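**Q** Listed here are the chains, written in short residue letters.
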Amino acid sequence: MVATKLDPKFKDEVSKTRGGQNIKRCYQCGTCNVGCPVREIEEKYNPRKIIRMTILGMRERVLSSEFIWLCSACYTCSERCPQDVRIADVMNALKNLAVKEGHVHSSFAKRLEVIEANGRLFPVSQFDNAKRKELGLPQIPPKNEEVQELCKLVGSSKPSNVGGGG
Amino acid sequence: MSKYALFLGCTIPARQPNYELSSRKALAKLEVELVDLPDMTCCSPPPVQSLDLETSLAIASYNLCLAEEAGLDLLALCSGCFESLAIANAELKHDPELKARINRILSATGKQFRGTVEIKHLLEVLNEDIGLKRLKAAVSRPLSNLKIAPFYGCHALRPSELLKLDDPEQPHILETLIEALGAKSLEYPNKLKCCGGLLRGVSDKLALELARDKLLNASKAGADCIATLCPFCFVALDIGQIQIRSKLDETFDIPILHYSELLALALGVESSELALETHKIRVDKILDRI
Numbered sequence: 001m002v003a004t005k006l007d008p009k010f011k012d013e014v015s016k017t018r019g020g021q022n023i024k025r026c027y028q029c030g031t032c033n034v035g036c037p038v039r040e041i042e043e044k045y046n047p048r049k050i051i052r053m054t055i056l057g058m059r060e061r062v063l064s065s066e067f068i069w070l071c072s073a074c075y076t077c078s079e080r081c082p083q084d085v086r087i088a089d090v091m092n093a094l095k096n097l098a099v100k101e102g103h104v105h106s107s108f109a110k111r112l113e114v115i116e117a118n119g120r121l122f123p124v125s126q127f128d129n130a131k132r133k134e135l136g137l138p139q140i141p142p143k144n145e146e147v148q149e150l151c152k153l154v155g156s157s158k159p160s161n162v163g164g165g166g
Numbered sequence: 001m002s003k004y005a006l007f008l009g010c011t012i013p014a015r016q017p018n019y020e021l022s023s024r025k026a027l028a029k030l031e032v033e034l035v036d037l038p039d040m041t042c043c044s045p046p047p048v049q050s051l052d053l054e055t056s057l058a059i060a061s062y063n064l065c066l067a068e069e070a071g072l073d074l075l076a077l078c079s080g081c082f083e084s085l086a087i088a089n090a091e092l093k094h095d096p097e098l099k100a101r102i103n104r105i106l107s108a109t110g111k112q113f114r115g116t117v118e119i120k121h122l123l124e125v126l127n128e129d130i131g132l133k134r135l136k137a138a139v140s141r142p143l144s145n146l147k148i149a150p151f152y153g154c155h156a157l158r159p160s161e162l163l164k165l166d167d168p169e170q171p172h173i174l175e176t177l178i179e180a181l182g183a184k185s186l187e188y189p190n191k192l193k194c195c196g197g198l199l200r201g202v203s204d205k206l207a208l209e210l211a212r213d214k215l216l217n218a219s220k221a222g223a224d225c226i227a228t229l230c231p232f233c234f235v236a237l238d239i240g241q242i243q244i245r246s247k248l249d250e251t252f253d254i255p256i257l258h259y260s261e262l263l264a265l266a267l268g269v270e271s272s273e274l275a276l277e278t279h280k281i282r283v284d285k286i287l288d289r290i
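So the sequences go chain by chain: A and B.
Everything in the first sequence is counted per the numbering used here, starting at 1 for the first residue and increasing by one.
Everything in the second sequence is counted per the numbering used here, starting at 1 for the first residue and increasing by one.
Simulated from the structure, these hints should not be mistaken for lab results.
Values in this document were obtained by computation on a predicted structure and should not be read as measured data.
There's no promise every hint is true.
To be verified - Partial chain B-side listing against chain A, Cβ under 8 Å, derived:
| hint | residue |
| --- | --- |
| 1 | Thr11 |
| 2 | Leu21 |
| 3 | Cys154 |
| 4 | Asp167 |
| 5 | Cys194 |
| 6 | Val202 |
| 7 | Leu206 |
To be verified - Listed below are the simulated SDA-like cross-link pairs for lysine to any residue, each with C-alpha atoms no more than 25 Å apart in a straight line:
| hint | chain 1 | residue 1 | chain 2 | residue 2 |
| --- | --- | --- | --- | --- |
| 8 | B | Lys220 | A | Glu42 |
| 9 | A | Lys110 | B | Lys29 |
| 10 | A | Lys152 | A | Arg18 |
| 11 | A | Lys131 | B | Asp36 |
| 12 | B | Lys93 | A | Ser15 |
| 13 | A | Lys133 | B | Lys29 |
| 14 | B | Lys93 | A | Glu149 |
| 15 | A | Lys110 | B | Lys220 |
| 16 | B | Lys280 | A | Arg132 |
A virtual CB, placed ideally from N, CA and C, is assigned to each residue, including glycine.
Please take these sequences and the hints and turn them into a complete structure.
**A** If you want it as C-alpha cells, here you go:
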C-alpha cells in the first residue's frame with residue numbers, strides 16, 4: 001500500500017466550511033454507523049471512518065471518495081450523535097469541498113446541468129402544462145431567469161466525475 | 001380561515017398531479033385558502049446543497065422572499081421542500097452574518113431576505129390550524145376498513161432542531177391524523193428510516209434495497225397501503241416496486257398513497273377527480289374498500 005500524504009490542516013479547513021463546524025468534537029463512538037440506513041445495507045459506507053480519515057488529514061482520499069456521495073441526508077446520525085458533530089452537515093461540507101476540487105459524482109453533475117439550464121431540478125414542460133390545464137391546475141412558468149442566474153453560481157469550478165452512478 | 005402561499009417545488013407540478021390535486025381539494029373542503037405565487041421555483045434540496053450550500057440557501061431564500069412580499073406564510077406539500085426552506089429560514093433568521101452574505105447573492109435578483117414569514121408542513125396546518133376535532137367532523141367517508149402503514153420519510157422530521165414538527169424518534173402526528181380519518185394506523189419496524197429516494201441515480205441498488213425494506217416490513221405488518229408525505233418517498237416506494245420486481249426479483253403489490261389522497265377521499269372528494277392513474281401500483285383495491 002502506498003503511504004497516503006497527510007494534510008494536518010484538513011480538519012481546520014472542514015471546520016471552517018459551513019456544516020463542518022463541529023467535526024473536531026468526534027470521539028469515534030460509532031453511534032452514527034449504528035443508526036445509518038445506508039450502512040445497514042452497504043458495509044463499505046462508514047461515516048465514522050470518513051470523519052476519522054478527515055481528522056487524520058487524508059484530504060485527497062476523502063475528497064475523491066465515492067462514499068461521501070452515498071449519504072442519503074436522512075439526518076439520523078445528526079439526531080443521535082452524543083457530541084453534536086452534525087454528521088449529515090459534515091458530509092455536506094465534504095461534498096462542497098470536493099466539488100471545489102473538481103470531484104463530483106456523475107449523477108450530481110447531471111443534476112447541476114439541469115438546474116443551471118432551467119432553474120428547477122424537474123423542469124415543467126409544455127406537455128406538463130397542457131396536462132395541468134386539463135386537470136384544472138394553474139400553469140407553471142417554464143423558466144425563472146432570476147433563479148437561473150443564482151443557479152449559475154452553484155459549483156463554480158469545473159467538475160470531473162467521481163463514480164459512475166446507477 | 002387560514003391562508004397560505006402554496007409551495008409546490010419541482011417534482012409535484014411536473015410529476016405528481018395526484019399529490020397536488022388531492023391537497024388542493026382537501027384543503028378547500030377544510031376552508032384553507034391557497035395562493036399561487038407564479039415565480040416560486042426550486043427549494044434547492046440536498047442534491048443541490050451537496051454541490052454548494054451557500055448558493056443553495058440563496059435559492060431557497062429567493063422563494064421565502066416571494067412569500068414575504070406577498071405577506072403570507074408558506075405551506076409545503078413536499079417534505080424535501082419543507083426541510084430546505086425551513087432550514088434556510090431558521091438559519092438566516094438566527095445568523096445575521098449569514099443573512100448578509102446571502103442577501104449579497106440575492107441582490108442580483110433584486111430580492112432581500114427579511115425573515116418575516118414561517119414555513120409550515122401540510123401536517124402542521126391540519127393539526128394546528130384545522131385541529132383534530134374539526135377534521136374528524138369533516139370526514140364524510142371514514143376509512144374504517146383500512147389498515148395504513150404511516151411512512152414519515154426523513155425530511156418532515158429531521159433535523160428536528162430546525163424543523164420542530166414532532167419528536168424525531170417517537171413521532172405521532174401522522175398516526176394521529178391517519179386515525180382521525182377513521183383508519184387504523186399500523187406499527188412496523190424501520191418506519192422512521194430513509195426510503196432511499198435521494199440515492200436513486202447515485203446507487204440504484206442501495207436505493208432499491210432501502211425501499212424494499214419498508215415495503216417488506218409494512219406488508220408483513222398487514223398494511224393495506226402505505227401513507228407517504230413526500231414525492232421522493234412516493235416514487236421510491238411506488239415506481240420502486242416495479243423496479244424491485246425486475247431487478248431484485250421480488251414482488252410486492254402494496255398501494256402507496258400520499259396522506260393528502262387518503263384525506264381527500266375521506267372528505268368525500270370523488271376518486272375520479274384525483275388523477276389516481278399517476279400511481280404505478282394500482283389503488284383500486286383501496287377504493288373498493290372505502
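**Q** Hint by hint, note whether the structure agrees.
**A** Now for the hints, and whether the structure bears them out:
no.: 1; hint: Thr11; verdict: holds, 5 Å
no.: 2; hint: Leu21; verdict: holds, 6 Å
no.: 3; hint: Cys154; verdict: holds, 4 Å
no.: 4; hint: Asp167; verdict: violated, 10 Å
no.: 5; hint: Cys194; verdict: holds, 4 Å
no.: 6; hint: Val202; verdict: holds, 5 Å
no.: 7; hint: Leu206; verdict: holds, 6 Å
no.: 8; hint: Lys220(B) x Glu42(A); verdict: holds, 23 Å
no.: 9; hint: Lys110(A) x Lys29(B); verdict: violated, 41 Å
no.: 10; hint: Lys152(A) x Arg18(A); verdict: holds, 20 Å
no.: 11; hint: Lys131(A) x Asp36(B); verdict: holds, 18 Å
no.: 12; hint: Lys93(B) x Ser15(A); verdict: holds, 22 Å
no.: 13; hint: Lys133(A) x Lys29(B); verdict: holds, 21 Å
no.: 14; hint: Lys93(B) x Glu149(A); verdict: holds, 24 Å
no.: 15; hint: Lys110(A) x Lys220(B); verdict: violated, 38 Å
no.: 16; hint: Lys280(B) x Arg132(A); verdict: holds, 19 Å
Going down the numbered hints, you'll see the structure goes against 4, 9 and 15, while the others check out.
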